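K.L.:
First to last, the protein sequences are chains H and P.
Remember, the working numbering sits 431 above the position in the first sequence when you count from 1.
Remember, the working numbering sits 431 above the position in the second sequence when you count from 1.
The set of hints was computed from the structure by calculation and includes no laboratory data.
Source: prediction; values computed, not measured.
Incorrect hints may have been included.
It does not matter which identical chain is used: a pair holds within one copy or between any two.
Computed cross-link-like contacts, SDA-like style, restricted to lysine to any residue with a CA-CA straight-line distance of at most 25 Å [said to hold, decoys possible]:
hint	residue 1	residue 2
1	LYS453	GLY490
2	LYS568	VAL626
3	LYS501	LEU675
4	LYS733	GLN458
5	LYS758	SER634
6	LYS624	ALA460
7	LYS733	GLY465
8	LYS501	TYR548
9	LYS624	ASP494
10	LYS647	LYS735
There are 2 protein chains.
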Amino acid sequence: MSESRTEISSLGEFGLIEHLTKNIEFQNASTILGVGDDAAVIDHFGKQTVITTDMLIEGVHFDLMYTPLKHLGYKSVVVNVSDIYAMNATPAQITMSIAISNRFSVEALDEFYDGVYAACEEYGVDLIGGDTTSSPKGLVISVTALGEVTPDTYVKRSGAQLHDLICVTGYLGGAYLGLLLLEREKKIFLETKGVQPDLEDRSYIIGRMLKPEARKDIIEFFDKVQLVPTSMMDISDGLSSEVLHICKQSNTGAVLYEEKIPIHPDTKEFAYKLEIDPTACALSGGEDYELLFTISQNDYEKIKEINGISVIGYIAEEKEGATIITKGGNKHKLVAQGWNAFSK
Amino acid sequence: MSESRTEISSLGEFGLIEHLTKNIEFQNASTILGVGDDAAVIDHFGKQTVITTDMLIEGVHFDLMYTPLKHLGYKSVVVNVSDIYAMNATPAQITMSIAISNRFSVEALDEFYDGVYAACEEYGVDLIGGDTTSSPKGLVISVTALGEVTPDTYVKRSGAQLHDLICVTGYLGGAYLGLLLLEREKKIFLETKGVQPDLEDRSYIIGRMLKPEARKDIIEFFDKVQLVPTSMMDISDGLSSEVLHICKQSNTGAVLYEEKIPIHPDTKEFAYKLEIDPTACALSGGEDYELLFTISQNDYEKIKEINGISVIGYIAEEKEGATIITKGGNKHKLVAQGWNAFSK
Chain H
432 MSESRTEISS
442 LGEFGLIEHL
452 TKNIEFQNAS
462 TILGVGDDAA
472 VIDHFGKQTV
482 ITTDMLIEGV
492 HFDLMYTPLK
502 HLGYKSVVVN
512 VSDIYAMNAT
522 PAQITMSIAI
532 SNRFSVEALD
542 EFYDGVYAAC
552 EEYGVDLIGG
562 DTTSSPKGLV
572 ISVTALGEVT
582 PDTYVKRSGA
592 QLHDLICVTG
602 YLGGAYLGLL
612 LLEREKKIFL
622 ETKGVQPDLE
632 DRSYIIGRML
642 KPEARKDIIE
652 FFDKVQLVPT
662 SMMDISDGLS
672 SEVLHICKQS
682 NTGAVLYEEK
692 IPIHPDTKEF
702 AYKLEIDPTA
712 CALSGGEDYE
722 LLFTISQNDY
732 EKIKEINGIS
742 VIGYIAEEKE
752 GATIITKGGN
762 KHKLVAQGWN
772 AFSK
Chain P
432 MSESRTEISS
442 LGEFGLIEHL
452 TKNIEFQNAS
462 TILGVGDDAA
472 VIDHFGKQTV
482 ITTDMLIEGV
492 HFDLMYTPLK
502 HLGYKSVVVN
512 VSDIYAMNAT
522 PAQITMSIAI
532 SNRFSVEALD
542 EFYDGVYAAC
552 EEYGVDLIGG
562 DTTSSPKGLV
572 ISVTALGEVT
582 PDTYVKRSGA
592 QLHDLICVTG
602 YLGGAYLGLL
612 LLEREKKIFL
622 ETKGVQPDLE
632 DRSYIIGRML
642 KPEARKDIIE
652 FFDKVQLVPT
662 SMMDISDGLS
672 SEVLHICKQS
682 NTGAVLYEEK
692 IPIHPDTKEF
702 AYKLEIDPTA
712 CALSGGEDYE
722 LLFTISQNDY
732 EKIKEINGIS
742 VIGYIAEEKE
752 GATIITKGGN
762 KHKLVAQGWN
772 AFSK
């Protein structure tokens, strides 16, 4: 990183936007007009558009003490394209709005946008607009993503049917343990100035927190084997909360098996070191950005050969509620934790 | 307004979203799926989509000391649909993201959303999604609007041609004087507690600031008389700044006539009272949300009978730059002021 510091005020609003967007090259034929007018224009060619938006607030969703700006830019895009994939759609465009204070230099913003553009390239999306404004304090990021889907092949949360298999991709709980590690080292650093953070070579869980990926590969796989899940969503708030969403919106219950929940060895090891239950991290820790979906039992053959998809339970009747059967054979009700930002 | 106060934490995130969105009824056939899933879905029926986004930050774009929340909700939608109209398109959907701190009650949010829904009804748009999150301090609003346009009839900033007529809608400068009045009364109130604000019955300029409208009527008129402007944008930063945008993006110059710039009598009167030049308010004051557009001289007949459209000058050669001819016959270069949020 260069040591020079260019004040944002030296460019002005329009100079800054030009600086940040000058190298954009469109990757999608549907992108007709991008940054630089009152609005962008996109075409559709007989597709439907899927749209989602997420806001990230400094001090609520990220901590710049341990989050590199480039990673933050990347993740801001990923969390949105993940929602597009969760509809069984393909992301195509994003808008990126940021509010920044004077403490950010042009070089710092360049780092952030390096991450944004890296994610755009990885997921094949075009940055087509946004708003750049000042903030009295704290960084605010608001992203809207648009995706394309063949008419009426999008997948909602509300389509799960009795006896469907409940599946998840990848491993769960890692991002939450990465957060715990980063928070622990931050606390030590603040209490004992000069002590360098000891991240114990735990790059897996830290990577899960700071640089998550969205499951583009799974959506491509669904298309390849002609599989349409009956319901789907991404796992941003923890598995329990998401399974309860599917159940509520599909008017069903669910049974999960603890032993089937995929947890990475590195996640397990660090959880045991902290003396917390890895399963609890998977159920209630958020930010994994894996996909949770249900399929008809008839489609089981299509997924069983695939690495990275785990069947963790089945859809039950609504009156049975959502439960988990522990390794010891006990049955517990699923409880949503997660969002309590407004609680004291 | 009810005097009860319901804490946001008593509803939780999903309860809050349900509370705020439970009465939504779609107004557009293109809106297929709205709030409540990972993303919304929209159809197109052979149209192109126009998309824009704006972020509003407390302490930068609005002051809650004199901005009623209902007006703020309304204006948050208006500033975005105004950008859609400025593309010669029809707004159809919005997403609304807000970050709020604990100091807001559910009742306060209801007021804000009353304004959002009133604007949605006025402009025929559907609220289809968003994000509701917490803020450590200050209210942040981020809106994305989508509009529809018959393929390739959108109007960019870059199409102005030599000798085109430069036109504006409505009156300019009023919103800026409304802001000056509100800021003056705020200062007096803070310095002398208990003194009631004296808004001098100046409802016109205050209304221009607190409850602007977007020019839906003009776009409908263009459609009716089959007029497609050669370039267009909305006036959010002041006339000078916007004319310079058109000139830069169209590679032209411009000549404006001071005497042709439309300024409302109430705006003039208050400007004279403050001993400031009303023309300067029109040129450099922002937030009028009128439309600036250029038309071929051949189209003059189509607009000349219409109340509310003023021809204020013409497009000149690029080398002449952008100038204004004063009432006294002097020629001055146009200078963009406006955005200096990052300057000290």
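K.L.:
If a hint holds in the structure, say so; if it does not, say that too.
P.N.:
Going down the list of hints, with the structure as the test:
no. : hint            : result
1   : LYS453 / GLY490 : neither (30 Å within a copy, 30 Å between copies)
2   : LYS568 / VAL626 : neither (28 Å within a copy, 31 Å between copies)
3   : LYS501 / LEU675 : neither (34 Å within a copy, 34 Å between copies)
4   : LYS733 / GLN458 : neither (31 Å within a copy, 40 Å between copies)
5   : LYS758 / SER634 : neither (29 Å within a copy, 69 Å between copies)
6   : LYS624 / ALA460 : neither (52 Å within a copy, 60 Å between copies)
7   : LYS733 / GLY465 : neither (39 Å within a copy, 31 Å between copies)
8   : LYS501 / TYR548 : within (10 Å within a copy, 37 Å between copies)
9   : LYS624 / ASP494 : within (18 Å within a copy, 39 Å between copies)
10  : LYS647 / LYS735 : within (19 Å within a copy, 54 Å between copies)
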